[in-house]
Structure formats: structure tokens, C-alpha cells
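**Q** Here's the letter readout for the chains.
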Amino acid sequence: MATEKKPEPDELIHIGPEMAVAEADLMPGEVGRFVQGTSLWRDAWRRLLKNKLAVFGLVVVVIVTISSIIGPTVIQRVFGFTPDYIPSNDPRLTQSFPPFTGPNGEFSWAHPMGTDNAGRDQFARVLQGGQISLFVGILATLVSLLIGVSYGAIAGYVGGRVDNVMMRIVDVLYSLPYVIVVIVLLSMFRSQTPRGQLILLFVAIGTVSWLTMARIVRGQVLSLKNQEFVLAARATGVSNTRIIFRHIVPNTLGPVIVYATLEIPQIMLTEAFLSFLGFGVQAPLASWGSLAADGIQNIAVFPWQLIFPGVTMALTLFSLNFLGDGLRDALDPQMRTV
Amino acid sequence: MANADGNLLEVKNLRTYFETDDGIVKAVDDISFQLKRGETLGIVGESGSGKSVTNLSIIRLVPTPPGKIVSGQVVFNGNDLLLLSNDAIRKIRGRRIAMIFQDPMTSLNPFMKISKQLMEMTELHLGHTKAQAHAHAIRMLETVGIPDARERAESYPHEFSGGMRQRAMIAMALSCEPELLIADEPTTALDVTIQAQILELIKKLKRETGTSVILITHDLGVVAGMTDHVIVMYAGKIFEQATTKELFAVPGNPYTKGLLRSVPDPTAEQGKLYQIPGLPPDVAHLKPGCPFAQRCDYTQDICTREFPPFVQLNADHYSLCHFAREVYSESGGTPV
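From first to last, the protein sequence lines stand for chains A and B.
For the first sequence, our numbering assigns the number 108 to the initial residue and increments by one for each residue that follows.
For the second sequence, our numbering assigns the number 10 to the initial residue and increments by one for each residue that follows.
Derived by calculation from the structure, the hints in this document are not laboratory data.
A quick note: this is a predicted structure, and the numbers were derived from the prediction, not measured.
Be aware that one or more of the hints could be misleading.
As the list claims (entries may be wrong) - Straight-line distance between alpha carbons at most 25 Å, and here's what the computed BS3-like set of lysine-lysine pairs gives:
#1 A/Lys332 to B/Lys100
#2 B/Lys296 to B/Lys281
#3 A/Lys332 to B/Lys266
#4 B/Lys125 to A/Lys332
#5 A/Lys332 to B/Lys77
#6 B/Lys125 to B/Lys139
Sequences and hints are given; from them, build the entire structure.
**A** Printed below as a string of C-alpha cells:
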């Protein structure tokens, strides 16, 4: 961003409020309308839009999300099959087709990503897998947000012995081998239904992924709680709970949002990894991980079964990471150099 | 509600200590004073003399640990605030004793709209509904002289200038009509023109609402123009206590004299500005005797040996000095 730029119109507006305020201070009553100020969020949004990679990430994430949500329904309407539809017992139909190929080897739009071993449409399955992968990523992140932010904020604000005990618990949990814990949890409480297994997956990932969030929030709170506005809030008789959640936590939002966006791909990767190992999502439900696991068995003969879910997942994870990096640059006050 | 003698606030033998690695810092050491209803009390002193800690102790906001109110009483409207439960003291903070802080840049929450921050006060203490609180917030902003209060209320603190933020702070502090307003160096972070406006505003609001004010400052000019009584603090002790008029006319303490001499004289053509020699002592390691002895023009043997007495010089005038009477006479007063 080192290129010389002439001031854009909205940057001029940005200079506006301060001047208007200064004027107002000197001659009260003489000011007319004042320019709408730029809020922190609008500022961050502008910086985000200047970051090409982040915009690319945002666009891809939006496209993937929307098509995952509505895709399977659209396919059902247009072609008349669901992601778990197995055509018939005709062995010619239940084998795997390459992309854009019909049952007789002719060109067909029906299966743009081919079909899997059982003849299920790969495109519909990738979209449905996207639904579940994104759902797991977002929901587990929300769980970790909820636990991590509350836990970290309370530990940081209360301080002293409470903080010490709470953070030592986090340290202990940190030192447990994460993947093994999740695998043990999943195999101990192995559920009979695919949905039950999915819920178990949320719980298993959610319970271990809030640790970093708690540390980040605690660090933020430690520096925020000594600021004067917290003292001012205390001097006005606001209760501690209210100070934590209405005054301090909103001030930690920047780093929290950044970490959350970076955590979504991480959790999706964990989910894929677990599904790949067979601990995660069970058929007939699909996730990108379980699709890849199915695909890898036939990689020599039917490579598209691995390539399509793999590429889609990689693209989405890249995009989420670019978006997270972009958000960090946009929201972090220390990085505000350009 | 008030005591028979009309005191709104009575601080008795207050001691607030801080435990540090370097030893116990006696930030406030045996301080007593009274504040009558509707009066303004000025507390002056150098940085680290215990002004702010005194006031944080009054509303029990001393950071604990390391700080601790060791002993004393803070009688407000007949109740000892130091004995109240945490819930009870919280109902007094903001409602009956409000505080304005030194730096308006940092004492407003950067993530909350001005209106929200003002509304929080009355919703909390007066049980206002959102609509009532909002209307009240805008009225308060108008009272403190913020133009276009209705639109400005929806701004965030960073869209306000320093002076406007301090006005918003004052609006917030006064929105529950507290009986006591503690202003901790309210103008230190502001430039001189804004300073004058803010002080004028505090004066005006005090006249209109009858609120008592404790004004902490190190600006003697501010004290002279604003207060009825003055306390001069040094090393956690009250060095001199008098009505403002008397303190400026006939100071009875060498430290006060030094402070008054340090005020620049705008009529002087040239010459050096007086300053008290030396630095304030390290309150963690006070030597026996008078804490000011090393810097004092009047020092004699006794000053480094014995702690000075608190001498009454006049009906309402006390000074902590071995030679209080002599200094007082030298200033032109007649000790009782």
C-alpha cells in the first residue's frame, strides 16, 4: 500500500468531525450541522476493502457459504436428486462416473463433479459437506467464544488467586494432547445415529478449543481493567458483572473477532481430520473430510472423488485465513501505519 | 439527614497504605477533615502527596491489593462508608458521591455511545426506563453546554474533543444530582481556555444544585478562584488547613509559603521563578521528624528529630509545623 494516493472523498470526511468538534468547543451555539463521524468499524471496513487478498477471501467465503446452504435444494429442484440419492440397483448406474458424464458415457450437466462409488452426485455431496463443515466450524467457534471470552474476562478482571487457579486449569488442559482427547471422547461416547455423532463432535471440539480464546481475552482484560474508564465506571456504581460484560468485553472485540475468524478454518481442519480418520461425520451425512476419506480409497482410478472435496476445502480454508489476516490488519490499532 | 453541625462529609484519622516490595507506602497517613453541605474544598499538593488516594479511599476505590484502608472513618451523612457492604457502597457511588477524573481522553468507554454511558447512570440509580434515561441524558448534555446535544449524544467519545469529553463526564457525574462531587484534577489535561470554561461550568452547576465539591488540583490559581476551604497535603499528611482567604493571605506553614512563592507572577518583568529546593520524599522510607525538613527554609535541629505538631493558628486554621506560630506571625497573622 505504499503507492501515492490522492485523498479519497471519504478520507476528507474523516478529517471533518475533529474540526467540527474543535469549532463547536470554541463557539458553542454557533455550529450548524456537523459531519457524520467515521466509527471504528467503518474505518476498519475501509481498510479491509483495500486489502485485495482479504476481499478475495471474503468473496469466496460468501460464495461457498451461500451455495452450500441453498445448493442441495437447488439441485434437488433442478435435477431431482438429493445428496444421498443412490440411483438404482442397476450396476451401470451405481458405479462412479467422471465429471460431466452420463450413464452412457455422453456429456451431461447432471454430475459436474462426477459421482461417487455408490453413484451419488459428487457436486451435491460436496455442497452438503460444505454445509456441515462450515456449520461445525462456526458453531464450535461460537461455543469456544462463549466459554473462552467469559472465562478469560472473569479471570483477568477478578485477578489474584482466582485468576491464578483459573489459568492453571487452562494450562493443564493445554498440556493434554488435543487430538487424542477428542478421539477418546468421540469413541467413548460413540453415538448410534449420524446426528448424535455430529453433536458429539461439536462438544468434543468445543470443549478444547476455547483455551486460546480465554488466554487472549484475559490478556486484553488485564490491560483494560486498569484504564481510567473502568475506574470511572466503578465510581458510578456499576456492578462488576456489568463492567466486565458491558464495558470491558466490547473493548476486546477486535482481537476476539480476528482470532475467531482464524479459528473457524482451524476447527474445520480438525473436523476434516477426525472425519478422515472415521471419528467424525458418518454417512449418509457428508463433510469435506469424510468425502476426502472416501475418495482416497479410489484415488488411482477415480481421482475426482478426492480432488473436488479437497480443492473446495483448501480454497475455503485459504479464504478464511486471508480474511482473518485482513481483519487483523484492519482492526489492530498497533498495525495502523498506512 | 445531615449532622447537627451541618457536615456532609467527615473524614477521621484516615490511613491508606500500599504494600509494595519496597516496603509499606503510607500514601494517606492520619488525615482528618470536614466538608460542610454546599461548600467547596480544595486539596492541593505535589504529585504523590496522597490527594487522589484520599478521595479514592472515600468511595472505597483504592486498588486492593496492594492498597488497603488501614484505619479511620469516612462519615457521609452520618454513615461510615468504610463499614458499608459492597452493594451498599455501590448504591452511593454515582448516586450520592460522583467523581470526575483527570483525563477525559481515557475516562469514557471508547466503545460506548455518549448517550449510552449517560443513560447507564440513571437507569442504574434512578430506575429510569430507556426513554426517560435518554431524555435525561440529552437534558444533561444541554446543561453542560454541548451544542446539538440530541445528535451529539449518538457520537462515540473519539468524536468529541477533550473539552467536550470533560463536559460529558461532568454531565454524567451530575446526572443523579449527587450530594458530593469529587473532581480529581478535572482540568489538568485541558488547555487553558477550556480549563476556564470547565471550571466556570462546575461553579455554575454547583450554585444551581447545591452540590458540595472536593476539588483536587495542583493549580493554586484554581484553588483561589473556586474553593471555600483548602487542604495542603504533603507526603500523605495534611500540612495546612484553612479557609481559602486565610491560607492565601496568611499562610502558616513553610511548605504553603513555598508553594505560593512558586506561582509565577505575571507582573514581574523578569527574574527567576522560585522553586522549592529538592524533591518530595520517598514515602516508603520516611525519616523520623518532619518529612519536609530537608527542603525547608526554617529547618532547625528539632525538625529532623521530632515529628511536628498540628498547631491551631486560628478558629479554622491548622498547620503541621514546629514553627507554625512563627511562620504565621511572619505572614502577618496573630495566632490564637
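**Q** Could you tell me which of the hints above the structure violates, numbers in ascending order?
**A** 2 and 3
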